[in-house]
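S.K.: Sequence:
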Amino acid sequence: MWSLEVSNHCKCHNDPYSHVISHEEILCYCGVYLLDPVAHIYTRTHNCFVLSTNKRCVPSLLAPPFPPRPPCARVMSRLAVVCGGSRGIGGAVARLLAERGCRVAVVCRGEEAARAAVASLRGVDHVALGCDVSKEHEVQRSFETIQKTCGDVSYLVNAAGVNRDALLLRTKADDMMSVLHTNLLGSMLTCRAALRSLLRSPGAAIVNIGSVVGLLENAGQCVYSASKAGLQGFTLSLAKEVGSRGVRVNQQAPGFIRTDMTSGLKEAAAAARSVPLGRFGEPEEAARAALIMRESPYVTGQVLVVDGALQLAM
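In this text, residue positions in the sequence shown follow UniProt numbering: the first is 1, and each later residue adds one.
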(Lines of atoms letter the chains of each structure in order from A; the text may use other names.)
(Lines give C-alpha, C1' and ligand atoms only; values in the text may rest on other atoms or scores of the structure.)
Protein backbone atom coordinates (compact mmCIF):
# COMPACT_ATOMS: atom_id res chain seq x y z
CA MET A 1 0.00 0.00 0.00
CA TRP A 2 1.35 3.39 -0.93
CA SER A 3 0.64 6.85 0.44
CA LEU A 4 1.58 9.53 -2.08
CA GLU A 5 1.31 13.27 -1.63
CA VAL A 6 1.94 15.62 -4.52
CA SER A 7 -0.99 18.02 -4.79
CA ASN A 8 -4.72 18.07 -4.33
CA HIS A 9 -5.21 16.89 -7.90
CA CYS A 10 -3.03 13.78 -7.91
CA LYS A 11 -4.38 10.44 -9.01
CA CYS A 12 -2.85 7.58 -7.02
CA HIS A 13 -2.93 3.81 -7.35
CA ASN A 14 -2.34 1.22 -4.65
CA ASP A 15 -0.63 -1.16 -7.08
CA PRO A 16 3.08 -0.28 -7.05
CA TYR A 17 3.54 -1.94 -10.43
CA SER A 18 1.07 0.33 -12.17
CA HIS A 19 2.06 3.40 -10.17
CA VAL A 20 1.00 6.45 -12.15
CA ILE A 21 0.44 10.06 -11.21
CA SER A 22 -1.38 12.18 -13.78
CA HIS A 23 -0.59 15.90 -13.83
CA GLU A 24 0.98 18.23 -16.34
CA GLU A 25 3.15 16.48 -18.90
CA ILE A 26 6.49 16.92 -17.17
CA LEU A 27 8.31 13.64 -16.79
CA CYS A 28 10.66 13.12 -13.87
CA TYR A 29 11.55 10.69 -11.13
CA CYS A 30 9.06 10.68 -8.28
CA GLY A 31 11.35 9.27 -5.61
CA VAL A 32 9.40 6.04 -5.15
CA TYR A 33 11.40 2.85 -5.31
CA LEU A 34 9.71 -0.20 -6.82
CA LEU A 35 10.91 -3.77 -6.70
CA ASP A 36 11.90 -5.24 -10.06
CA PRO A 37 11.00 -8.92 -9.62
CA VAL A 38 13.20 -9.95 -12.53
CA ALA A 39 16.42 -8.23 -11.51
CA HIS A 40 15.58 -8.36 -7.77
CA ILE A 41 16.63 -4.77 -7.25
CA TYR A 42 14.87 -1.61 -6.16
CA THR A 43 14.57 0.87 -8.98
CA ARG A 44 13.27 4.34 -9.69
CA THR A 45 13.06 3.76 -13.41
CA HIS A 46 9.32 4.08 -13.84
CA ASN A 47 7.30 6.92 -15.31
CA CYS A 48 5.58 9.56 -13.22
CA PHE A 49 4.05 12.84 -14.30
CA VAL A 50 4.13 15.61 -11.72
CA LEU A 51 2.84 19.16 -11.54
CA SER A 52 6.30 20.68 -11.77
CA THR A 53 9.87 19.54 -11.40
CA ASN A 54 10.17 21.04 -7.93
CA LYS A 55 7.25 18.94 -6.68
CA ARG A 56 8.06 15.51 -5.38
CA CYS A 57 6.15 12.44 -4.28
CA VAL A 58 6.46 11.48 -0.62
CA PRO A 59 6.32 7.68 -0.47
CA SER A 60 5.28 5.76 2.59
CA LEU A 61 5.54 1.99 2.48
CA LEU A 62 3.12 0.61 5.05
CA ALA A 63 3.38 -3.13 4.59
CA PRO A 64 6.65 -4.52 3.25
CA PRO A 65 7.61 -6.66 1.50
CA PHE A 66 6.11 -5.92 -1.87
CA PRO A 67 3.36 -8.29 -2.98
CA PRO A 68 4.40 -10.65 -5.78
CA ARG A 69 3.76 -9.27 -9.21
CA PRO A 70 0.92 -11.18 -10.86
CA PRO A 71 2.00 -13.18 -13.94
CA CYS A 72 -0.08 -11.10 -16.30
CA ALA A 73 1.68 -7.95 -15.11
CA ARG A 74 5.18 -9.24 -15.83
CA VAL A 75 5.19 -7.71 -19.27
CA MET A 76 8.29 -6.44 -20.95
CA SER A 77 7.86 -2.72 -20.35
CA ARG A 78 11.44 -1.59 -21.02
CA LEU A 79 12.50 -1.59 -24.65
CA ALA A 80 16.12 -2.38 -25.51
CA VAL A 81 17.51 -2.02 -29.02
CA VAL A 82 20.56 -4.17 -29.75
CA CYS A 83 22.33 -3.34 -33.00
CA GLY A 84 24.37 -6.31 -34.14
CA GLY A 85 22.20 -8.45 -31.89
CA SER A 86 22.11 -11.61 -33.98
CA ARG A 87 25.45 -13.08 -32.89
CA GLY A 88 28.59 -12.59 -30.83
CA ILE A 89 28.54 -10.12 -27.96
CA GLY A 90 25.41 -8.43 -29.31
CA GLY A 91 23.55 -11.73 -29.45
CA ALA A 92 24.56 -12.54 -25.88
CA VAL A 93 23.44 -9.09 -24.73
CA ALA A 94 20.05 -9.56 -26.43
CA ARG A 95 19.54 -12.92 -24.72
CA LEU A 96 20.49 -11.56 -21.32
CA LEU A 97 18.22 -8.53 -21.67
CA ALA A 98 15.31 -10.78 -22.62
CA GLU A 99 16.01 -13.00 -19.61
CA ARG A 100 15.87 -9.92 -17.39
CA GLY A 101 12.46 -8.93 -18.68
CA CYS A 102 13.18 -6.40 -21.41
CA ARG A 103 11.42 -6.29 -24.72
CA VAL A 104 14.24 -6.52 -27.27
CA ALA A 105 14.52 -5.16 -30.78
CA VAL A 106 17.29 -7.00 -32.62
CA VAL A 107 18.78 -4.96 -35.44
CA CYS A 108 21.30 -6.49 -37.83
CA ARG A 109 22.26 -6.43 -41.49
CA GLY A 110 20.11 -9.41 -42.50
CA GLU A 111 16.45 -9.59 -41.52
CA GLU A 112 16.47 -13.40 -41.54
CA ALA A 113 19.35 -13.44 -39.08
CA ALA A 114 17.47 -10.95 -36.90
CA ARG A 115 14.35 -13.14 -36.95
CA ALA A 116 16.37 -16.22 -36.02
CA ALA A 117 17.92 -14.34 -33.10
CA VAL A 118 14.51 -13.13 -31.90
CA ALA A 119 13.11 -16.65 -32.10
CA SER A 120 15.74 -17.79 -29.60
CA LEU A 121 14.94 -15.11 -27.02
CA ARG A 122 12.99 -15.78 -23.86
CA GLY A 123 9.61 -14.08 -23.74
CA VAL A 124 7.36 -12.66 -26.43
CA ASP A 125 6.82 -9.47 -28.42
CA HIS A 126 10.44 -9.07 -29.42
CA VAL A 127 11.15 -7.35 -32.73
CA ALA A 128 13.49 -8.19 -35.62
CA LEU A 129 14.68 -5.60 -38.12
CA GLY A 130 17.11 -5.81 -41.01
CA CYS A 131 19.29 -2.71 -41.19
CA ASP A 132 22.75 -1.73 -42.37
CA VAL A 133 23.78 0.69 -39.62
CA SER A 134 26.23 2.43 -41.95
CA LYS A 135 23.30 3.64 -44.11
CA GLU A 136 21.58 6.71 -42.71
CA HIS A 137 18.23 6.15 -44.39
CA GLU A 138 18.04 2.53 -43.18
CA VAL A 139 18.86 3.53 -39.61
CA GLN A 140 16.27 6.30 -39.63
CA ARG A 141 13.60 4.01 -41.08
CA SER A 142 14.34 1.26 -38.57
CA PHE A 143 14.08 3.52 -35.54
CA GLU A 144 10.90 5.12 -36.86
CA THR A 145 9.46 1.62 -37.13
CA ILE A 146 10.58 0.80 -33.59
CA GLN A 147 9.01 3.99 -32.26
CA LYS A 148 5.69 3.35 -33.99
CA THR A 149 5.40 -0.33 -33.05
CA CYS A 150 7.13 -0.48 -29.66
CA GLY A 151 7.28 3.01 -28.18
CA ASP A 152 10.20 4.78 -26.56
CA VAL A 153 13.62 3.15 -26.32
CA SER A 154 15.09 2.73 -22.84
CA TYR A 155 18.38 1.07 -23.73
CA LEU A 156 20.56 1.08 -26.83
CA VAL A 157 23.46 -1.31 -27.31
CA ASN A 158 25.72 -0.82 -30.33
CA ALA A 159 27.51 -4.09 -31.02
CA ALA A 160 27.57 -4.09 -34.83
CA GLY A 161 31.12 -4.27 -36.10
CA VAL A 162 33.39 -5.50 -38.88
CA ASN A 163 37.11 -6.04 -39.19
CA ARG A 164 39.52 -6.04 -42.12
CA ASP A 165 42.87 -6.84 -40.51
CA ALA A 166 45.79 -6.06 -42.80
CA LEU A 167 48.92 -3.97 -42.92
CA LEU A 168 48.08 -0.43 -43.93
CA LEU A 169 50.00 -0.69 -47.22
CA ARG A 170 47.78 -3.64 -48.16
CA THR A 171 44.48 -2.10 -47.07
CA LYS A 172 42.17 -0.87 -49.81
CA ALA A 173 40.29 2.39 -49.39
CA ASP A 174 36.97 0.56 -49.72
CA ASP A 175 37.91 -1.66 -46.78
CA MET A 176 38.88 1.39 -44.74
CA MET A 177 35.52 3.00 -45.42
CA SER A 178 33.62 -0.20 -44.61
CA VAL A 179 35.28 -0.50 -41.20
CA LEU A 180 34.93 3.17 -40.31
CA HIS A 181 31.34 3.43 -41.54
CA THR A 182 30.15 0.35 -39.64
CA ASN A 183 32.17 0.61 -36.44
CA LEU A 184 32.10 4.38 -35.93
CA LEU A 185 29.56 6.10 -38.17
CA GLY A 186 27.04 3.32 -37.52
CA SER A 187 27.05 3.95 -33.78
CA MET A 188 26.78 7.69 -34.35
CA LEU A 189 23.76 7.22 -36.60
CA THR A 190 21.94 4.83 -34.26
CA CYS A 191 22.58 7.03 -31.23
CA ARG A 192 21.25 10.07 -33.06
CA ALA A 193 18.20 8.18 -34.30
CA ALA A 194 17.38 6.88 -30.82
CA LEU A 195 18.26 9.95 -28.79
CA ARG A 196 14.90 11.76 -28.71
CA SER A 197 13.26 8.53 -27.59
CA LEU A 198 15.95 7.92 -24.96
CA LEU A 199 15.52 11.44 -23.59
CA ARG A 200 11.89 10.61 -22.81
CA SER A 201 12.82 7.41 -20.93
CA PRO A 202 13.89 7.76 -17.28
CA GLY A 203 17.04 5.79 -16.59
CA ALA A 204 17.93 5.51 -20.28
CA ALA A 205 21.37 4.17 -21.14
CA ILE A 206 23.60 3.58 -24.16
CA VAL A 207 26.38 1.00 -24.25
CA ASN A 208 28.77 1.03 -27.20
CA ILE A 209 30.92 -2.04 -27.78
CA GLY A 210 34.44 -0.98 -28.67
CA SER A 211 37.69 -2.91 -28.41
CA VAL A 212 40.82 -3.01 -26.34
CA VAL A 213 42.79 -2.15 -29.50
CA GLY A 214 41.03 1.20 -29.45
CA LEU A 215 42.97 1.91 -26.26
CA LEU A 216 46.30 0.37 -27.30
CA GLU A 217 48.14 0.18 -30.58
CA ASN A 218 48.32 -3.05 -32.57
CA ALA A 219 50.18 -3.65 -35.83
CA GLY A 220 47.98 -4.89 -38.64
CA GLN A 221 44.87 -3.26 -37.18
CA CYS A 222 45.44 0.42 -37.97
CA VAL A 223 41.97 1.04 -39.39
CA TYR A 224 40.10 -1.13 -36.91
CA SER A 225 41.99 0.46 -34.01
CA ALA A 226 41.20 3.94 -35.34
CA SER A 227 37.50 3.10 -35.61
CA LYS A 228 37.35 1.91 -32.00
CA ALA A 229 39.45 4.80 -30.69
CA GLY A 230 37.07 7.16 -32.47
CA LEU A 231 34.13 5.35 -30.88
CA GLN A 232 35.62 6.00 -27.46
CA GLY A 233 35.91 9.73 -28.16
CA PHE A 234 32.33 9.78 -29.43
CA THR A 235 31.05 7.85 -26.39
CA LEU A 236 32.68 10.11 -23.82
CA SER A 237 31.62 13.28 -25.63
CA LEU A 238 28.02 12.10 -25.92
CA ALA A 239 28.01 11.17 -22.23
CA LYS A 240 28.93 14.74 -21.40
CA GLU A 241 26.40 16.10 -23.88
CA VAL A 242 23.33 14.24 -22.60
CA GLY A 243 24.26 13.56 -18.97
CA SER A 244 22.25 16.53 -17.71
CA ARG A 245 19.18 15.03 -19.39
CA GLY A 246 19.52 11.74 -17.50
CA VAL A 247 20.88 9.59 -20.34
CA ARG A 248 24.00 7.59 -19.50
CA VAL A 249 26.53 6.61 -22.17
CA ASN A 250 29.33 4.10 -21.63
CA GLN A 251 31.61 1.90 -23.66
CA GLN A 252 32.91 -1.61 -23.25
CA ALA A 253 36.38 -2.48 -24.55
CA PRO A 254 36.56 -6.27 -24.93
CA GLY A 255 39.71 -8.20 -25.70
CA PHE A 256 39.74 -11.65 -27.28
CA ILE A 257 36.15 -12.89 -27.12
CA ARG A 258 35.14 -16.18 -28.74
CA THR A 259 33.03 -14.85 -31.62
CA ASP A 260 32.92 -15.13 -35.41
CA MET A 261 35.32 -12.19 -35.58
CA THR A 262 38.04 -14.07 -33.67
CA SER A 263 37.32 -17.53 -35.07
CA GLY A 264 39.59 -16.91 -38.05
CA LEU A 265 42.70 -16.10 -36.05
CA LYS A 266 45.56 -18.17 -37.44
CA GLU A 267 47.30 -18.56 -34.10
CA ALA A 268 44.36 -18.68 -31.71
CA ALA A 269 46.19 -20.88 -29.21
CA ALA A 270 49.11 -18.46 -29.04
CA ALA A 271 46.71 -15.54 -28.71
CA ALA A 272 44.96 -17.26 -25.81
CA ARG A 273 48.30 -17.84 -24.09
CA SER A 274 49.02 -14.11 -24.36
CA VAL A 275 46.04 -13.42 -22.10
CA PRO A 276 46.97 -13.59 -18.39
CA LEU A 277 43.78 -15.59 -17.74
CA GLY A 278 44.97 -18.05 -20.37
CA ARG A 279 41.85 -18.16 -22.54
CA PHE A 280 39.47 -16.21 -24.73
CA GLY A 281 36.43 -14.68 -23.08
CA GLU A 282 32.93 -15.91 -23.83
CA PRO A 283 30.24 -13.65 -25.33
CA GLU A 284 28.08 -14.17 -22.23
CA GLU A 285 30.88 -12.85 -20.02
CA ALA A 286 31.17 -9.70 -22.10
CA ALA A 287 27.37 -9.35 -22.09
CA ARG A 288 27.18 -9.47 -18.30
CA ALA A 289 29.82 -6.75 -18.11
CA ALA A 290 27.86 -4.62 -20.58
CA LEU A 291 24.75 -4.92 -18.45
CA ILE A 292 26.65 -3.75 -15.39
CA MET A 293 27.00 -0.38 -17.12
CA ARG A 294 23.35 -0.43 -18.16
CA GLU A 295 22.18 -1.11 -14.61
CA SER A 296 24.52 1.23 -12.69
CA PRO A 297 22.64 4.53 -12.34
CA TYR A 298 25.70 6.62 -11.40
CA VAL A 299 28.09 5.30 -14.05
CA THR A 300 28.46 7.28 -17.26
CA GLY A 301 31.29 8.40 -19.51
CA GLN A 302 33.31 5.29 -18.68
CA VAL A 303 35.19 2.65 -20.65
CA LEU A 304 35.00 -0.80 -19.08
CA VAL A 305 37.81 -3.08 -20.23
CA VAL A 306 36.85 -6.76 -20.42
CA ASP A 307 40.00 -8.47 -21.66
CA GLY A 308 41.27 -10.96 -19.09
CA ALA A 309 44.11 -8.48 -18.35
CA LEU A 310 45.32 -8.58 -21.97
CA GLN A 311 46.29 -4.91 -21.69
CA LEU A 312 48.86 -5.79 -19.05
CA ALA A 313 50.54 -8.23 -21.40
CA MET A 314 50.67 -5.98 -24.47
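Calculated from the structure, these hints are not laboratory results.
Careful, some of the hints might be misleading.
Said to hold, decoys possible - Simulated pairs of lysine to any residue, SDA-like, Cα-Cα distance not exceeding 25 Å:
hint : residue 1 : residue 2
1    : Lys266    : Arg279
2    : Lys148    : Gly246
3    : Lys148    : Asp132
4    : Lys172    : Arg279
5    : Lys240    : Lys148
6    : Lys266    : Glu136
7    : Lys240    : Ser296
8    : Lys148    : Ser77
9    : Lys240    : Lys172
10   : Lys266    : Met188
S.K.: Confirm or reject each hint.
M.R.: Hints, verified against the model:
1. Of the pairs offered as hints, the one joining Lys266 and Arg279 holds, with about 15 Å between alpha carbons and a cut-off of 25 Å not exceeded.
2. Between Lys148 and Gly246 the CA atoms are separated by roughly 23 Å; this keeps the pair inside 25 Å, and the hint holds.
3. Taking the CA atoms of Lys148 and Asp132, the gap is near 20 Å; set against the 25 Å cutoff, the hint holds.
4. Between Lys172 and Arg279, the direct Cα distance comes to roughly 32 Å. Violation of the 25 Å bound is thereby established for this hinted pair.
5. With a C-alpha separation of about 29 Å, the suggested pairing of Lys240 with Lys148 is violated against the 25 Å cut-off.
6. For the proposed pair Lys266 and Glu136, the alpha carbon gap of about 35 Å is over 25 Å, so the pair is violated.
7. For the proposed pair Lys240 and Ser296, the alpha carbon gap of about 17 Å is at most 25 Å, so the pair holds.
8. Pair hint Lys148 plus Ser77 holds up; C-alpha atoms about 15 Å apart against a cutoff of 25 Å.
9. At roughly 35 Å between alpha-carbon atoms, Lys240 and Lys172 are farther apart than 25 Å, so this suggested pair is violated.
10. In summary, the hint linking Lys266 to Met188 is not supported, as the alpha carbons are separated by about 32 Å, beyond the 25 Å threshold.
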